[in-house]
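In order, the protein sequence lines correspond to chains A and B.
Using the working numbering, read the first sequence as starting at 1 and increasing by one per residue.
Using the working numbering, read the second sequence as starting at 1001 and increasing by one per residue.
FYI, nobody ran anything at the bench for these hints, they're computed from the structure.
Please read all numbers here as calculations on a predicted model, not as lab measurements.
One should not assume that every hint holds.
Straight line, CA to CA, 20 angstroms or less: simulated SDA-like cross-link-like pairs of lysine to any residue [to be verified]: (1) B:Lys1175 / A:Tyr10; (2) B:Lys1097 / B:Leu1389; (3) B:Lys1029 / A:Leu32.
One-letter residues, chain by chain:
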Amino acid sequence: MQVILKIISYIGLALTVVPSFLVFSGTIEPELHKTLMLAGALSWFLTAPFWMNKQKQAKASIE
Amino acid sequence: MKTSLAKQLDSINEYEREPVPEHKLKGLKSFIGMYAGEHTAGTEFVIGPLFVVHGVSAPDLFLGLLVGNLLAILSWAILCAPIAVKVRLTLYYQLEKICGRYLVSGYNIVNALMFCFLAGSMIAVAATAVGIPFNIAMPGLDDMYPTSVGWMATVFLVGAVITVVAILGYEQISKFANICAPWMILVFIAAAFAVMPQLGITSFGSFWEVAQTRIWNGVPVEGFSKFTFWHVTFFAWFANMAMHIGMGDLSILRYARKWQYGFASTTGMFIGHVMAWIASGVLVAAASGEVTPGPIAFNSAGIAGAICVMIAGWTTANPTIYRAGLAIQSIVPNVKRWKVTLLVGLVTTVAALFPALVMRLLDFVALYGLVLMPMGAIIFIDFYIIPKLGLRSNYASMVKSPFNAAAAITWVATLLLCLFLNFYQGIEIFFLGLPGWFIAATLYIVLSKLYQKKVTQPLEVKVSASSF
C-alpha cells in the first residue's frame, strides 16, 4: 500500500514541476500547466503524509 | 474530553529547563527538512521583489547571494551548532544561566514580541494568498490597517491553524515542514520557469542576457536606493542574524546529534533563499512590477501558487511561534508551554491583521536581528573566551545572581552604539551586525573582568572570614 502511495506522491511532484518545463519549451499552454500543478499539489498532500512521517517513526524506533 | 486533551498537552515535554536527552536527538534529515521549509517562506516573495525594486544588477545579485549565504551557513555551523550540541539547552535557559533571571525576563519579552510580529507578517503573507481564489477583498501592501471583514476572518483562520500546530510541539512542526518542503521548492522553480517565455527567455542561453536587461537591470525604481554587491551579501548573511549569530537556533540545534548538522542550513540558504529570491524576482518582472505575494504566485502557478504562498507563510510562522512560546515560557516556567503558545498565537494573529507589518518587513527583520545579536555574542564569548581568561562562565547561575550587570550593559551599550552608527554615521542597518558583534564581544570581556572581580571579592572575603 505504501509503495502505491509513494508512487502517487512522486507523480504529484512530477506534475508540479514538469509542466513548467513544457511551457518553457513551448509545448503546452500556461493554463494547462496551472491545472496540472493543482492536480500535483492534491496528489502530494493527499498521499505524502501517510508515508513520509511514518517512515521516519519506524526508523526512529529501530534506532 | 476536555480534561483528557489538557493532560495530553501537558505531557508534551520539550525540555525547556534541562538538556535534551540522548534518546530524543534527531537525525540530519529532520534538520534538512526543517531548514528547507523554514527558509522557503512567504518572506521570499517579498525579499526577491525588493532586489528588483532596489535596482541590483544581475552579477551583483548572483555573486552577493553566493557569498552572503555561504557566510550565513558558516555562522550556523561554526558559531551556533557547536555550542548547541554541547549544552543542549534552549537559548533562553542558557541566557538565564549567564545573565540571570531578571535580565533574561526583559530580553525574553522583547524577543517574544519580535517573534510575534515576524510570525504575524507571515500569517499576513499567507492570508494574501488565501483570499485570491475566493474573491475575498484583501488589503494591498500599502494599507496600514485591516480593510475588510473577509480579511480579518481569513487572518484568524490562518492564525488558528498555525497556533494549533505550534502548540503540538517541535515534532509536529518538523513533520509539517518535512511534508511541505519538497513540494514548495518545486513550486518556486516551476512558477519561474513557466513565466520565462513571457520575458523572452526561451532557452538557457538567453537567460543571462534577459536577466541583465529585463529583471535585474541595475536601475532602481524611483524613490528607492540603489543596491550593490555589498547590500546583497550583507542582506543574505544577516537576514537570519537572530538565528545564527544571535544564537536563536540553539533551541532547535540542541536536538542535533552532531554540530556538523549546522550545515543543514545549506538547504535553507541555497534551495530556499537563493533559489526562491531569484524565482520571485523573475515572477515580479513577469507581473510587470506587481509585488503582492499572493497575486504574483497565482498569476504564474494558478491555485497551486496561491497555496504555496500560504504554506510558505505557515512553515515560517510555525517555528517562530514555537520560539516565541519558549521565550515566554522561560519567564513563567510553571505555566505549561501549550497555554503560553496559545496566548502567543493570539497576539501574533492580532498583529497579522495590520498589513503594515508586511510593508515594513525588511526594516523590521534587520532591527530584530540587531536587537538579539549582542546576546549571541555574549553566549559565544561566555562559552569559549571567559573560561580561558580565568573568569566564570554561566556567571549568574554560579553566584546565584538574578542580574548580570556586565551582560546588561553590553547589550544596551552595543545597541546604542549601533544606533549611533546608523543615525550619525549613516551606516545602513544591515551592515551593523558585523561591527556590532565585535563591539558586544569586546564590551562583555572587559565588563566581565571588572564585574566578576567586583562581585566575587566580597564573596571570597566572606568565605575566608567564616573559615577562621
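**Prompt:** Okay, which hints does this one fail, numbers in order?
**Reply:** 3
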